[in-house]
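2 protein chains.
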Amino acid sequence: MHSIAEGLAKKQRKISVAEFFERNKQILGFDTSTRALITSVKEAVDNALDACEETGILPDILVEIRSTDDDEYLIIVEDNGPGIIRKQIPHVFARLLYGSRFHSLKQSRGQQGIGISAAVLYSQLTTGKPTVVTSKIGDGFPAHKCTLVIDTKKNRPEILHDEMTHWEKPSGTRIELPMGGTYVRNRRQSVYGYLRSTAIVNPHARITFVEPNGNVTIFERVTDKLPPQPKEIKPHPYGMELGTFIKMAKETNARKLTSFLSSEFSSVSIQKAKSIVETAGLDPSSNPNKLSLENAKKIINAFKKVRLMSPPTDCLSPIGEILIKRGLRKEMDALSPEFISTDKRNPSVHSGIPFLVETGIVYGGNLPSEERVEILRFANRVPLLYQEGDCVITRGIKNMDWRRYGLQQRGGKGIPFGPAIILVHVSSVNIPFTSEYKKAIANVEEIEKEIKLSLQQCARKMKSHLSKKDKKVKTKNKFTLISKILPEIAEKSSQVLGKPVPPIDDVITKIMNIVWIDDEVKYQEGRIISTISITNYKNKAQSFELYAALPDEGLLGGVNPEADEVKREYIMWKINGIKPAEKIELSFQLLGMEKGDFDENTLYVRGIDPVNVIGAEKWEGS
Amino acid sequence: MHSIAEGLAKKQRKISVAEFFERNKQILGFDTSTRALITSVKEAVDNALDACEETGILPDILVEIRSTDDDEYLIIVEDNGPGIIRKQIPHVFARLLYGSRFHSLKQSRGQQGIGISAAVLYSQLTTGKPTVVTSKIGDGFPAHKCTLVIDTKKNRPEILHDEMTHWEKPSGTRIELPMGGTYVRNRRQSVYGYLRSTAIVNPHARITFVEPNGNVTIFERVTDKLPPQPKEIKPHPYGMELGTFIKMAKETNARKLTSFLSSEFSSVSIQKAKSIVETAGLDPSSNPNKLSLENAKKIINAFKKVRLMSPPTDCLSPIGEILIKRGLRKEMDALSPEFISTDKRNPSVHSGIPFLVETGIVYGGNLPSEERVEILRFANRVPLLYQEGDCVITRGIKNMDWRRYGLQQRGGKGIPFGPAIILVHVSSVNIPFTSEYKKAIANVEEIEKEIKLSLQQCARKMKSHLSKKDKKVKTKNKFTLISKILPEIAEKSSQVLGKPVPPIDDVITKIMNIVWIDDEVKYQEGRIISTISITNYKNKAQSFELYAALPDEGLLGGVNPEADEVKREYIMWKINGIKPAEKIELSFQLLGMEKGDFDENTLYVRGIDPVNVIGAEKWEGS
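Here the protein sequences come in this chain order: A and B. In our numbering, each number is its position in the first sequence, counted from 1, plus 17. In our numbering, each number is its position in the second sequence, counted from 1, plus 17.
So that you can see chain A by itself, here it is in the shape it has in the complex:
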């Protein structure tokens, strides 16, 4: 007896993951011939940066694209990283879903073990040629040169040629990928644009880029300090899925429920473990390997009832306000921006996963004032070039009212218009990407909230800068007008009345009726000197508090006169009875800074109506 089902069953077979991605190459970012080149460079550079940072080496990366034939290029990416041992080379480069970072909760660029092998796959698909990888693991070791293809049916590497060779480099890896593609320049979505964005968020890397026409660009590093090594963390009970929890319980070597909880989870002490098990109504010394579904559910529910600390956040490696500013300043130099503000949030948590948001705004200069702002999106120091509309970063920007910060925005929603570039960087041990080829971050409420909070901080600084500038211009105009017209009126009136011209300086002061605050920032040999001057143009003595914002980094030196309060974020002086027409000066220094790291004060006042003050905003607490 035969059934239809038996006939159908004959067609059923396993699909190799390499075949799958060969067919669905658009999923991995190889959907157009232009993107294919960018994606390949991206995958190789991501790996190079990860390898260097993991082993404490300042990255020095060469990217070269040679035109070898009609629509065919040779992509070369060479690093000074730790190298890869001979046995691993074929697996790392010619096998999808193979890698070292998937099974650990740690911030890194690559994670899936797919990217570079996908580039090799696309290379052989479009050119029929193999990829050549050369790697050396240290002084005194030989270099290995492997010529590779992927056997897509098996998803396994096939080594065509293998030799030992001499390489003067102490250590490093070089990949040579032949590739069918289209090379473009002068666009944000280009290899050049990608490397420029990469340079901004990787200020410790030097990247040399040789284009097909021989043009060489060096993206120089702006710091010699490697980012701190992100630590690996254990999963946190918040956001734990029942199925994952049961699997962990089955596989643990811990003999007791409490020791299982305290040893395999973040933020769970023995004490907390006991309290969780108690809340769940279970026996603390029961064997976790034999945990039933019912009891596992009880523990998952108890997780929600027992108050736990957030997971540790040393698994994250932010860039920092100052380094983002330096990166932006260097790469945006040609635009001569008027103002750059940056902000770094404290780490936050969603579903038990720590993450951190940093932002920056570049304003003015040669930026077009009537166009949509440019958005630079980054995840774990990697630029996100595509699917802008689908990303939580864009969502965060759209859902903020930018009009109150001086940009144009129809109805207070959507991407604002104006002479600005908005940068957002999200770091996490597990970025929730919307697709395999990391183009966009999924809509996670907590991430959107942090993005908005950080951008508000940046935007406030921008607003403060703009309104300070604006008010000063207006007040100066008024000043000029009054000091020109009043004397003329006085003179004419005196002539008519036949009386002498009266002194009018006092009158001018009365008309101005403001407190004028000026500031100047100078750079002198690693030291920023900030001077603030206050002049009282009101007709009564004034008393108030003056707050000056301090940058995220830099050591505070010589404060003069002594401040009344110094916090991480600000310094405060009490101004006691500054007399009419009196001018006083305040100053502070910042050590260990570079030129441009801090170039304008953000000043606030308290205890005086801010309407009467030019050069500072209303203090609203820190």
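Any given hint might turn out to be false.
When chains are identical, the list treats them as one kind, so a pair holds in a single copy or across two.
Stated by the list, open to error - In silico DSS-like links for lysine-lysine, alpha-carbon gap of 30 Å or less:
| # | residue 1 | residue 2 |
| --- | --- | --- |
| 1 | K493 | K480 |
| 2 | K501 | K489 |
| 3 | K42 | K321 |
| 4 | K267 | K104 |
| 5 | K495 | K591 |
| 6 | K31 | K170 |
| 7 | K170 | K267 |
| 8 | K469 | K42 |
| 9 | K635 | K322 |
| 10 | K42 | K170 |
| 11 | K315 | K264 |
| 12 | K489 | K347 |
| 13 | K162 | K267 |
| 14 | K31 | K171 |
| 15 | K162 | K31 |
| 16 | K635 | K289 |
| 17 | K186 | K27 |
| 18 | K415 | K486 |
| 19 | K264 | K42 |
| 20 | K251 | K27 |
| 21 | K273 | K314 |
| 22 | K289 | K264 |
| 23 | K104 | K170 |
| 24 | K31 | K42 |
| 25 | K31 | K267 |
Because the hints were derived from the structure by calculation, they are not lab data. Here the structure is a predicted model, which means the values were calculated and not measured.
Place chain B on chain A using the hints.
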């Protein structure tokens, strides 16, 4: 001697594809608890429809969602398909990248062998519970009931329980998936919305839906005819990648280059194969298994130079204008739409892959007139619910000027506003999705072009309907006005002049100065009777050609008077000298139709200034 690289190598390991997707569940559509339920139902229903159609069974599908616990549901999907043999059940449901359709070029819903196993993966992740699958492969066979989980480390099924059982059904498959999730109603992005959309493009399927509250909805089939079985095709030389071509050459059993080309490619006859090999300058009898890279390139180049037929298109299974209209009419019934137009394009090709576009527009009725139109996107009869902004369908709609068809659209770009629903269905043997979880179709120029052409056709019909309606209303108002006022004027004038009232019918005709065309469509026992009446309100005899558009299906019967031309798309009468005030009648019948399949004529005229005609548009060729 030890290197850093050796330490790093120890961490390198294989990642199972199940682990990968467990971690990256958002990629497969499990990113929110609401979507997880919809996605699971979708994967099971896709499989059920594919299996039924492949084996010539009219699908009868039950979808039931039961609330079992807080935030926990049991999803049941049962079909009357051919069933699955016992040995295959675990692999089909609990192993990712395993399936029957990946290795063939044929239109189907599922292709990757990922979907339903991903649902099982998510089920066990959120509930810790196994999935139960019951399947029976025919009368006289026992049913098998398997209780399954996926061993994610190995990406292999683990059978917890297995029994033979009695099932009264002749054959079929039933899956019971426990799942953590959130059930919503009354939204387009819901299980209900998904099933309703599925019903529109699968008019041959009956779907019964039981909701958690016990509510039962039956989406009844509107046809008993199964769609034609799509045929499997060979790859076409256009769009062939070099790497794929080399692999095919290496693996072929053909002994000669020419026989390799003619036997393994679409549209390549022995004659064409010879001409390709000749153009490439190669030996026709050389062994394809030994083809060098250089020579492979020559053939790929020759492919572009030799003119080849398009690939066969019987691999596609379109729905058809009439069935789309029936589906839309049934599911949109509550909106009482004023007008529905549909269109089906001929198959087209991109990169050697055949595809076909069908569209529909629903207009008026209770649809909101001041909102964005609703877009219904489909690929191979599957609704696309997410990432609308990233899809070539949306792009095609945005890049069309809808203002000329009577919808509102700012600047002639973007999604139009108005009381309309726009449906687009793309069929292909290989839909270029932007991501694994099929949410959007990538931007392929050829597909966008076909979408626009088809929508223009639909929109023209809508426009013709709207302007016919509009003109008739205006002209009727004019008629009424004139026939009321003129007699009064005549009467008054006669009174004043003391003369009798003159006849004024002739004058009215002169003032109207138009040819009036009316049409009526009646349905009578499987037969559509369309009657067209023409009245000449001009003061001279008129001669012109009248074209009536014919629907895609339906047999043309009783044409009266005999037509002067009958084509697939239209029927044409020559109107010879219709006298002033004369009225003539034309009619035709359509057989094998249902009520609503054709409910309004689209009429065109040639040889007369269309400005003088009410009820027909200018003929612009077919």
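Hints the structure violates: just list their numbers, smallest first. 9, 16
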